[in-house]
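Colleague: When you get a sec, could you build the whole thing from the sequences and use the hints?
Remember, the working numbering sits 70 above the position in the sequence shown when you count from 1.
Think of the hints as simulated: they come from the structure by calculation, not from any bench. Check the hints yourself; a few may be wrong.
As the list claims (entries may be wrong) - Derived DEER-like restraints, expressed as beta-carbon distance ranges:
id	residue 1	residue 2	range
1	Ile98	Asp131	41 to 47 Å
2	Ala187	Leu222	42 to 48 Å
3	Arg256	Ser191	56 to 62 Å
4	His132	Lys177	19 to 25 Å
5	Glu180	Arg127	28 to 34 Å
6	Arg256	Glu220	38 to 44 Å
7	Lys255	Glu220	46 to 52 Å
8	Leu222	Ser195	16 to 22 Å
9	Gly263	Ser195	44 to 50 Å
10	Asp193	Pro262	43 to 49 Å
11	Asp131	Pro283	30 to 36 Å
12	Ile185	Thr238	44 to 50 Å
13	Gln240	Ser195	39 to 45 Å
14	Ser179	Ser138	33 to 39 Å
If you're wondering where the values come from, they're calculated on a predicted model, not measured in any experiment. Backbone N, C-alpha and C define an ideal beta-carbon position, used for all residues, glycine too.
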Amino acid sequence: IERVRFTSPHPKDFPLSLLEAVVSHPNICKQIHLPVQSGSDSILGLMNRTYTNKEYRALVDHIRTLRSDIVLSTDIICGFCGESEADFAETYRLVEETRFHSAFIFKYSERKHTIAARKFSDDVSEEIKTERVTQLFDLQRNISYERNREYLKTTVPVLVEGDAKRSTEQGMGKSDGNITVIWDKRAISARPGDMVSLAIYDASSTTLYAEYPL
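Modeller: Now the structure itself:
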């Protein structure tokens, strides 16, 4: 098997031995999805996440010490019960300083029969939730753009998946870091399942654009 992807450990259940396996085995993708949910210790406590902002940052630092080019993504919830402006500021600061390659950002939505629904009031307004999601989304989009531009003039291995969503004249695949890669099928012939090395000539916040290496 050329490519194995391990993505979503709980930050408290990520032993050193597992991290070392991800880093050392060439067929394990150098990408980790590490959900943080919030940068506020008080909100993390209410969520029963069992780690702190400092502990999460230390884990990220350790991962990047072992492999500086590893691609990190995360999940974030905005507007959890009781989230104050100060709590949100801690989350914003964590995203700003950690510089994830990508993030899935959601508004908190109460779900029946959950512990949060039983114990806490959904007291953050929809307007504030939307505002906070927008702020974080704008921040992360800029960071993702800068991160993806780092691939310009490099050659990356791409696993071909099929046609691009927007055009059947374009091919689409995933990099080792799970970033979408697009190319002109008229210039590059590849079938789903093929592994091809492609040169990156342009990038957006979500996509790398590729051609055959010169």
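Colleague: Decide, hint by hint, whether the structure agrees.
Modeller: Tested hints:
1. Ile98 to Asp131: 41 to 47 Å: Once the Cβ atoms are compared, 21 Å apart, the range 41 to 47 Å for Asp131 and Ile98 is violated.
2. Ala187 to Leu222: 42 to 48 Å: Since the Cβ atoms of Ala187 and Leu222 sit about 46 Å apart, the hinted range of 42 to 48 Å holds.
3. Arg256 to Ser191: 56 to 62 Å: holds (57 Å)
4. His132 to Lys177: 19 to 25 Å: Cβ of His132 to Cβ of Lys177: about 31 Å, so the range 19 to 25 Å is violated.
5. Glu180 to Arg127: 28 to 34 Å: holds (29 Å)
6. Arg256 to Glu220: 38 to 44 Å: Distance hint for Arg256, Glu220 is violated at roughly 28 Å.
7. Lys255 to Glu220: 46 to 52 Å: violated (26 Å)
8. Leu222 to Ser195: 16 to 22 Å: violated (42 Å)
9. Gly263 to Ser195: 44 to 50 Å: holds (48 Å)
10. Asp193 to Pro262: 43 to 49 Å: holds (48 Å)
11. Asp131 to Pro283: 30 to 36 Å: This hint holds: roughly 33 Å between Cβ atoms.
12. Ile185 to Thr238: 44 to 50 Å: Holds - the Cβ-Cβ distance for Ile185 and Thr238, about 47 Å, lies within 44 to 50 Å.
13. Gln240 to Ser195: 39 to 45 Å: holds (42 Å)
14. Ser179 to Ser138: 33 to 39 Å: holds (36 Å)
This entry does not satisfy hints 1, 4, 6, 7, 8, going by the numbered hints stated previously.
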